[in-house]
Structure formats: structure tokens, C-alpha cells
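Asks: Residues per chain, in single letters:
There are 4 protein chains.
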Amino acid sequence: MGIPVGVVGATGYTGVELLRLLLGHPEVDVAVVTSRSEAGRPVPEIFPSLRGHTDLCYSNPDPAALAGCRVVFFATPNGTAMHQVPSLLEAGVKVIDLSADFRIRDAAVWKQWYGQEHASPKLLARAVYGLPELHRDRIAKSDLVANPGCYATAVALALLPLLRAGAIETHGVIADAKSGVSGAGRKAELETLYGETSESFRAYKAGGHRHLPEMRQTLRDVAGVDIDLTFVPHLVPMVRGIHATVYATLTKGSDAREVFTRFYAREPFVDVMPPGTHPDTRSVRGTNVCRIALHAPGGNRLVVLSVIDNLVKGAAGQAIQNLNLMLGLPETTGISAAAVVP
Amino acid sequence: MGIPVGVVGATGYTGVELLRLLLGHPEVDVAVVTSRSEAGRPVPEIFPSLRGHTDLCYSNPDPAALAGCRVVFFATPNGTAMHQVPSLLEAGVKVIDLSADFRIRDAAVWKQWYGQEHASPKLLARAVYGLPELHRDRIAKSDLVANPGCYATAVALALLPLLRAGAIETHGVIADAKSGVSGAGRKAELETLYGETSESFRAYKAGGHRHLPEMRQTLRDVAGVDIDLTFVPHLVPMVRGIHATVYATLTKGSDAREVFTRFYAREPFVDVMPPGTHPDTRSVRGTNVCRIALHAPGGNRLVVLSVIDNLVKGAAGQAIQNLNLMLGLPETTGISAAAVVP
Amino acid sequence: MGIPVGVVGATGYTGVELLRLLLGHPEVDVAVVTSRSEAGRPVPEIFPSLRGHTDLCYSNPDPAALAGCRVVFFATPNGTAMHQVPSLLEAGVKVIDLSADFRIRDAAVWKQWYGQEHASPKLLARAVYGLPELHRDRIAKSDLVANPGCYATAVALALLPLLRAGAIETHGVIADAKSGVSGAGRKAELETLYGETSESFRAYKAGGHRHLPEMRQTLRDVAGVDIDLTFVPHLVPMVRGIHATVYATLTKGSDAREVFTRFYAREPFVDVMPPGTHPDTRSVRGTNVCRIALHAPGGNRLVVLSVIDNLVKGAAGQAIQNLNLMLGLPETTGISAAAVVP
Amino acid sequence: MGIPVGVVGATGYTGVELLRLLLGHPEVDVAVVTSRSEAGRPVPEIFPSLRGHTDLCYSNPDPAALAGCRVVFFATPNGTAMHQVPSLLEAGVKVIDLSADFRIRDAAVWKQWYGQEHASPKLLARAVYGLPELHRDRIAKSDLVANPGCYATAVALALLPLLRAGAIETHGVIADAKSGVSGAGRKAELETLYGETSESFRAYKAGGHRHLPEMRQTLRDVAGVDIDLTFVPHLVPMVRGIHATVYATLTKGSDAREVFTRFYAREPFVDVMPPGTHPDTRSVRGTNVCRIALHAPGGNRLVVLSVIDNLVKGAAGQAIQNLNLMLGLPETTGISAAAVVP
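Residue numbers (the working numbering), protein chains in the order written: chain A, 1 to 342; chain B, 1 to 342; chain C, 1 to 342; chain D, 1 to 342.
One should not assume that every hint holds.
Said to hold, decoys possible - Think about it this way: if two alpha-carbon atoms lie no more than 25 Å apart in a straight line, the pair counts; the simulated BS3-like pairs of lysine-lysine are:
(1) B:111 / B:187
(2) B:111 / B:205
(3) A:94 / A:141
(4) B:122 / B:141
(5) D:205 / D:187
(6) A:205 / C:187
(7) B:187 / D:187
(8) B:187 / D:205
(9) A:94 / A:122
(10) A:187 / C:141
(11) D:205 / B:205
(12) C:111 / A:187
(13) D:122 / D:141
(14) D:111 / D:122
Hints listed in this document are in silico derivations from the structure and should not be mistaken for laboratory results.
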């Protein structure tokens, strides 16, 4: 018997990806999977790809059942976890929240972007932002981890080393990001139909996206000052993958490649690629890896290319990485398989 | 009998698109279609979508046959047209070159980016850069038009009004562009196989792309000074479409929307969209339209979203638009159909 | 001023395709476009691809406004037209119904497959099944045309010549059909999300699909006897296109190629391809063409490959073809453009 | 140190998939990877998805190096393995050939379909056809396994139980099969470009495909008589996956479901799905599973839906399954991960 874990809200894309990874994880057992809409149905009935891997059935959320888990993941829509987390923490359960509920430390900023009052503002200071490359030690000691957003992860990993080293100007930073359609979730909506998204490309929310305050908070934590960041997300006709193209201005004398290779030298999931290369999103599909390449097209302009799988390093995989840290397991446990390519 | 026109090198994607548009054009007749590799074969044998629309056969390039045309299009690889154009011009034939041979006025710059000596440097000054929104009158009087590159068209249309009005700073301009795979042409190459490009996204040539000097030349022509432009192209898993996301800094007091609506007020093929919208590439698929939307995410930052069909406004359609201008026909003749959506 | 026509329910994929074709049709004017959900909104706000092509607004269905049209198209869900058609016919309006309401002559069969009582059973005998290759003369004289289903069109065109000529056995006929996702309509549903349909292929309704009784009725009309037909539809990760692969057993001495070329000799929209070829769906994308190829892999086995665009020859294009017939216009008016390929 | 294995020709899609699976296999070590074209280059330079998983370099084929392996896989074009296998067998190396060289026992038939004289006809009788569900015991004892073709695997698994049980007629069997584009390999060819295959669907080789004689041989082995099989392959715009839709006529009193559940009761990689379901190819993507569903649309007609990943159960995964059998390892070793969905 492995360590018992639970998943709340496991019928979306993040949820099923979490299940796939947890079912293949050698140290844990999925004890509870909740879903109000699918309660009573076997998981593989909803996700036939899991036939033969589990006989679990979805159940209605039951505090007692969840309290029997060592760790509970929330893969719920924003605004759900903040109501249920307090009692779980009291019961001694560790929580990894994949929604946005605990990512922003300032409850007023959270309310502004998510359109509702925060239900557990006191927990905001307790929650650790679950980006291991930044907060590994704090995550290991935490019982409440706010798993980062997908765009925020791709952009933060492209900028952290530079800001830490003071290697770029703090103004005029641009993150032009592109995401596969699974980032919009598994919801019955017109705009993510195959007929609406295939063979087309567009930007969205160019005036402001919810991951922006999250990025700004992280970057300010590292830089010590506000970063003038412009972020425009785009929708790519593919299922998985985020590609962030980040533009910044190098400070005089800075060596971006040296900064990145040093910062990520011991990181198991960040791969700084050789000069002249361009990472493709498929090379990280299904994996927890972030691949980064650097280009200097002229002057002091720096271009950082950063790719992740939005459902893995951008969600479920990073959650497992955090789980491993919180449980004292080797950090790569259960998330080390290579990408299926092509 | 319509006006006789010829197409040199009509087996690529630009070529077949040119044929599709010319065969539906009410004022011209395609008299000659050349291809060394397919000489003797009926066009619809290579492109079954043209069955029922033409019985033309490919022929070997024959100067006499081409000289019988009023206008000849070159849809050939770079470095071909520059050898054949001089004799056609002497024969009184008008030429529209869809390759890059006559786009750059400086033969040294051309050589640097295209890797060979230019064969007709004297014609470079005679060639008119075929962007009607910039050079309509000169195109109408020209007998040699250099049809713009696809990326260059999308980016130029996003910046011309701003530079003409002095509404943006000339430094720190960034063009993050995304193209469908057809932009790479119809060539047997590994990297554009379905298995290599589907379900993936990546940048390429982030260190420098051939359309960059072309863009810089156009922007300098308008602004009167060099523009500090960074251009990074990306490959999107779709067939057609270019989306340029252009970032610039507004000068004090500038009203971008006013600048665009005024500049493009009478343009038949540039559509400035309402505030808050985002153009998708499919809305211009198969059409000669460029759709543009403006966003101001904060501070003096301006984001311009510009979409075209790379094979139409970015190639064959713009060539027809130039043809119409050169022949004194209504500018929209033969290129006014709506996009097939979805 | 052209002939006034109306479209009821023009917010789905069939509806917007109908609008695209009608707006480009030289003899008609779209006078009314109804939609309860979008009443008051300009059409191009929902479909930006029509920007510049129309300023029409959706309106609530108004019997008087529709009665002012010469022809009204229904692009509504099944079960809607049957309620509204009677009063329009009384008002002297011709009707082309793109839904299934008037396709099946037997009200009991209709009820069995569509799950409700038919509201206008008396009109079933009056309605003409709008397959011009079969009922051209009757369509021309009709005021109520039941536009065929997409699968039914592709399969019928693959079998009509053979059954008419008695060239195949009437048992053991198999239609293995594949459709793009747009066939499922523009509805907010989980199973046609990009994330659910991209990079995957599957059959559906293998136990029985609504187009089966429609096919059987048509085939029986031609053959004079019931045809033992098995029909299995599949979902292809593409937007448009239907490919029917039809398997039949040739009767002794039959020459399938001769049968097809003779039957379709004068058809403007059926293209019998040369021996050894395979039609691809993209060659008919956006067009009203059905391309057919024949293969004889051995013995007396015949394989018929039949492709159409499900939204054009399978819906809106065929409706325009019927419109042209009903109005005495040249049959190809407004639907003769070549496919946009690639 | 694990068991040393080698891969000849590992730059195609089958090759890289084999490498991915072998690098994750706990009992083997990849000792040699050969490629004439890429000799000297690190594997991850060609396939960045393997960065961090191996430092192997491609080498020129060297008989001595290969002779040091316990098992050598051939992932070479047809006609290569047959020249190199004899010396390896003499050196005591076990061989798994993923090409077609040893699949057909009759050298004359092989020549007819592959267009060349077989170089090692004497080995044809020694080779075991590597379909574990049919020849598990013989594979375990063999030193030369002919790994089945992808289509042949999907079709054989759909028919074996029925033919073994005499549950279907042996005439009028139809296999309408659909494959993702990766089945065509990683070769620079026009017809598998993204621009040629995306958003389109077509049949190919409807007059006869190389997997047909292979299927016929397998089916005859099971049924004891020739099977009248018609096979038409189609190309699906997706990377991976085969879907075979097989039509047959049930013999009187046969219970197809009972036949399948019994036949595959203990098979680790064949999943007979519940009534009323339809397997999708993505549910087996990257896995060695074949999912099968049965439908009886009427009369004595049986429809079998069979899906595999063409590169896994249709190639590399089945090769690993055979490796496990040949080495006496648990059959699922290294090939038990769940599919990455979506």
C-alpha cells in the first residue's frame, strides 16, 4: 500500500492528467476521486485511456474520506478550493491546489481578477507558491501549496535567472505566449469546439489575462521591484503545449547563457538548449520538462524561448513534483518518462 | 478572350493559389503555365481541385510564349526571376515577381541574405515594392512589381499608419509573427512533414529571417529613419494564415485607433476591427484581407494584432491586386470572395 | 435588387455557409436572417469572416417578414421547420428545408428515428427530396424541397448509377463513411471540443444512424427493392469533408466505369475521376462538387470512393443548387468557385 | 548493466519510438544505434525529446558491435534486414525485424509485392510472425521474429477470434482501415507534407496494399482456408493511430461477444470494450494496447472496431512485447504506461 492521496474534481483535463500520473506513481495510491457530476461512475468510463489502470469510481466529495488522505489535490474551478481547504488543513491533510485560489497573496488583487471575495484570506500567507525552481525548500515544509498557472510557469522560468542576476532591464519586458486548446479546460463551450479552433490562430485577452498578476508577483519577488511586463496569450490549434517567447533588454555586460546554465545547472526539469536551437512544444508533451533556448538577434535584445506542456509542468506534473518535495521523495518520482514523439 | 497572362513556376503553393485566383478572374485568361518538372502534364493532374476549371498543361518555359502575355507572374524559387525578367521587360511584358528577387533595393543587402550575387542589379531601382497601401500609384505605372513577402506584408500593415503619423517610438518595436506551414512551400522536406509539425509549436530563425531586411527597408521608407525592429517567426500547426503580434511604444498624446481608421479608411483590403476584438486567421483564409485589432494593455504600450492569409494577401492575392492596378481594373476584381469558415 | 430570400436559424455552420454562398450569389438578396438567440446582433459580429460582405442583423422570426421572401431556407435543428413551413407555403413562399423534417416520406419511420410526432405529416408527400441528380425536374416544379443529409448525399451519389443500371447485387452493400467535425454542428458540447477530437479517430453510432433510413428510402426508390445496406459513420479530425467508401458486389458483366460516366455525363457537380486515382476531401472543400473514383480490388468486388464537402454539397451548396432549379436560374449560379487548396 | 540490445536504422518514426521504449525499459541497455546518414551525431540532436534520456550517438553499422548485443532490432526500410540478419543469427544474436522482410513465408509472393528478389529465402521458414496473441510460444523460442505490419496487426486482432471459432463466413470480409500520417514514415516526400495531408481525408492504394498478402497469410493460418478479404487503407489527418472497421457475416448461432471475450481473456494488451462503445485511437496513443468493440447493426452483419497505435502495437511496442517473450521477461515490461490523453 502506497501513500493515500485524493483528487477533488478529476473530470477536467488537469484532473485526468493528474490521475494518469498518480496511477503510474510508485509511491502513492489514489484513494479518493471526487466529482459531483460523475459520482458513482467508474473513472475509465469517462476516460477510456485509463481502462486497465484503475477501477476507481468517482464519489461525491466527502470530508471524512478526504481527511483519510495524506495529500489532497484540488483540480477544481477557481473559487472552490478556498472553501474546502481550511478543514482539510485542520485535519492534518496536506493540500496542493491546482486552481488559482491561493496563488495571489493579496486578497484585493485576487478579488479584482477573479470577481469574488476570497473565502480564506488568512491562508494566503501560509500558502507557498509551488514553483520548485524558486521555492523548493519552502514547498518541502509546506502543507498548502498553490500550484502555479501554466502561462505563469513558462514565463517565470524564462525570466527568473535573468532577474535574479540583474541581467535585464526591468522595463519593456514582453511575454508573447501561445497555448494549446486544452488550456481552456474540458468544458462544453462554443469557442473551443474543433470547428472554431482548428486551422486558425488568434490572440485573446490581449487587454489583460488572469495570469498577469500572478507573473508580476513572482517576478517582483525575485527582482525586488515591479517589472514592466506585457503579456499577450494566443490560442494554437493543438491540444497541449505552451510556447512563451519572451523579449527583454540585456543590461550591459550580461551573459544570458551563463546566467541560465548556472541557475538551472541542477534542476531536473529545466533544460537549457544549445545555441542556435529552437525548442518545440512536442518535445515536452506529456512530460514535466521546461526547455529553454536563448537568442540574441542584435543589439542588447534578448529573446528567450520557453516551452512546457501546459497540463504537466503547467499543472499536474508540477503538482506531482511538489508532492514529491512535500513527501520527501526523490523529486522526479513518477514524472520522468520521455515525450511520445511524433 | 481576356487579357493573356502567364505564370512561371506554378507547381508550388503560391503557384496553385495564383492559378485558382486567375482562373476565377473575369478579365484575364491564363495563356501559359510553365514548370520544368511537370512539363506536359495537365494542371488538374497535379491539383485535382482545379478539375473542371482548366485544361491547361504545364509547359517548359518558352520565352516566345511568355512574350505573348500581357503580364507574367513569377512564382519561382528565389534567384530565378532575376535571370528571366530582363528579356520579358524588353519584350514589353509587365512582370509581377512573387519571389524575393526584386524586393530589396540594395544589391549588397540582397546578396547577404540570399547568398548569391544579384543577376540584374540595375533593375532593382526600377522595381516597385508591391504593397498597394503604400505604393498604389507607383504600382499602377510600373512594369516590374516586387510582390512583398508574407511576413513583411502582415508586419508592414501593422506599422505603416503608426510610423507615418509618428505615433510610436522608433526603438523597441517587436514583431512576434506566427505562420501556417504552407509558408514553407510545397517541397519534399523532412521538417514540414505532417509528423513533424502537427500538434507542436516552435519558433525558427529567431536569430534572423530573410523578411527582416525587407521589413526594415519598408519601415525606413515610411519613417525616414531606421526602425529598431526585432522579428521572430514561429510555425503554427495549420496550413494557412499569418498572425503578427506587434508591440510598440506610443508617443505621448497619440491615438492609435484614430491613426489606423484614418489611414485605412478607403482601403478595400484592410479591416480595422472594433475595440476589444481579436482577429483570427481563419476569418481571412483564402481572401486578400488584412484584419487588424489594437489593444492597449497599460502604460504607453500598444499591441497591434494583424492577420492575413500568407498565400493570398501575403502572395497570390496581393499579386492579383497589383495586376488589377497595373491593368487599370477595379482593384478588387477577382479577389472579393468571403472566407470559407469554418 | 435581386430576388429576396430568407434564412431561418443562421447561426450554425450550415447557416453561415448558406449566408456566405447567398451573399456571393448574383441573383438573390438576403432580406431576412432570423435567430432567436442572436436577435439584434449584426451577422458579422458572430461571423467576422463576413465583415465587409453584409450589414444584416439577426432578427426574431417574423412570419410577415419571411412571407415577403420568394424563398425561405430553414437551417434549424430538426423539429422546427415542420411547424413553420405550412404557413409559409400558404403565403406562396417556396421553402428549402436543410433539416431532416421533410426527408422521410413515412411519418412513422420519421418518428422512430427523430423521437417525436411529425407536425405536418400531410406535407411529407408534397416535399421533394432535393437531390438534383435524381429529382432535377421535380425539384424545379416544387415549392417544398427537403435538402438531403450530408452522409446520405455522399452515399447516394456513389450508388445511384449502379442501382439504376442493376450493376450491383442489392445485398451486402457497405458504406463506411467518414466526416469532419463540422457535421456535428456549432453547439456547445463536450464531445466536439478540440481537445476531444483532435489527433484521434473513431466510429460512432455504429449500431444505427439517422441518415440510414434516408439512404434506404432513396436507394429503394431507384432500385425498386430494399437494399441491404450497412452504414457506419466515423469522425475525422478535420473541419469539413465527407469521404464515403462504398463496397458492393458487381453483377456479372457489369462495367462500373461505363455506368458512372454515362450516368453523370452531364452533371455539373459530379466528377468521375480517372482510373487509379483517389479523391481527397480537400479538393472539394468549400465547393458543391462530389468527386468519385472506382476501384476493383479483385473478384467482383467494387469499391466506390465518394467525397463531398458536408457543408456544401452536403447542405448549403446543394440548397443553392435547388434554389437555382426552383427559380429557373442556371444550375451552377453562385456555386462554381474552385476549392481553396491547400 | 542491463541486457545489451542494438537498433539498426533508428532515425525513422519506428526507430525513435523503439528508442523511447527501450530507454525506459528496466531490463535492457541500448548499446548500439546505427544510422549511415546520421553517424557521429548524438541521438538527442535529431530527437530533442530524448534529451536527458540518453547520450548515445548514431554509429555506422558495424557487424562486430551488433554481434555484441543479445538482441538486435531492425527498423530499416524493406530490403535491408534480409542482407544483414544471416550473419547476426550465426553470431548467436536474436533478431526482431520491424520491416517486412521476413513476414511473408512465400518468397515469390514477397517478390511480387516488394519488387525485388528475397536475399535470404531460406530464413523465411525459420522466422516467426511476431503476433503474440497468435504465436506466443513460438516467439518465445525463436531467434528471428518478423514483427507484423501495423494494418495487419489491427485487422488480424479483429478477425482471429472469429476465424478460430468459425463464427464468420470466410467470404465477403471487408477491412476498411484508417491510419495516421506517421505510418508513411519520416521521409522527405511531398505527399505527407503538412500542407498536403492536414484538413483532408482520402483512401490510397485501394487497388492493393502490401499488407494485404500478410493479412491473408495470417488469416489463412487461423482459418485453414483462404479468406476473401477486401482491404482499403485511408490516410487520416493525425500523427498516430490506426482504426480498422471490419465487416463480416456471422455464421448462424454465433455469439461474437462471447468469442472475443474468451479468446482475449488473458491477453495483457487486447481490451474488448463494453457493448455500445466505440474505441478512439487516442485512448491507445503511445501504448501497446489494441481496443476492440463489436456492433451488430442488423441481420447477421457484424462490425468490429479495432484501434491501435501504429507505432506501438503496430511496430515498436509489439517489438518490445516480442523482446520480453524472447528473453523470458514479464510480457508487459516497459510497455505498460497509460495513454497521454488529451
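Asks: Against each hint, give a clear statement of whether it holds in the structure.
Replies: We went through each hint and held it up to the structure:
1. Straight-line distance between C-alpha atoms of residue 111 of chain B and residue 187 of chain B comes to about 23 Å, which keeps the hinted pair within the 25 Å bound.
2. This hinted pair checks out: residue 111 of chain B and residue 205 of chain B have alpha carbons roughly 18 Å apart, not beyond 25 Å.
3. The suggested pairing of residue 94 of chain A with residue 141 of chain A holds, with an alpha-carbon distance near 10 Å, which does not exceed 25 Å.
4. Restraint check for residue 122 of chain B and residue 141 of chain B: satisfied, since their Cα atoms lie roughly 18 Å apart, inside the 25 Å limit.
5. The hinted pair formed by residue 205 of chain D and residue 187 of chain D meets the criterion: a straight-line CA distance of about 19 Å does not exceed 25 Å.
6. For the proposed pair residue 205 of chain A and residue 187 of chain C, the alpha carbon gap of about 23 Å is at most 25 Å, so the pair holds.
7. Among the hinted pairs, residue 187 of chain B with residue 187 of chain D is consistent with the structure: their alpha-carbon atoms are about 12 Å apart, no more than 25 Å.
8. Pair hint residue 187 of chain B plus residue 205 of chain D holds up; C-alpha atoms about 23 Å apart against a cutoff of 25 Å.
9. The straight-line distance between the Cα atoms of residue 94 of chain A and residue 122 of chain A is roughly 17 Å, inside the 25 Å bound, and the hint therefore holds.
10. Under the criterion of a C-alpha separation no larger than 25 Å, the hint pairing residue 187 of chain A with residue 141 of chain C is inconsistent with the structure, at around 47 Å.
11. A hinted pair counts as satisfied when its Cα atoms are at most 25 Å apart, and residue 205 of chain D with residue 205 of chain B does not qualify at roughly 38 Å.
12. Distance hint between residue 111 of chain C and residue 187 of chain A is unfulfilled; the C-alpha atoms sit about 32 Å from each other, more than 25 Å.
13. A C-alpha spacing of about 18 Å is found between residue 122 of chain D and residue 141 of chain D, which places the hinted pair at or below 25 Å, so the restraint holds.
14. Between the alpha carbons of residue 111 of chain D and residue 122 of chain D the distance comes to roughly 14 Å, so the proposed pair stays at or under 25 Å and holds.
Checked against the numbered hints above, the structure breaks hints 10, 11 and 12 and satisfies the rest.
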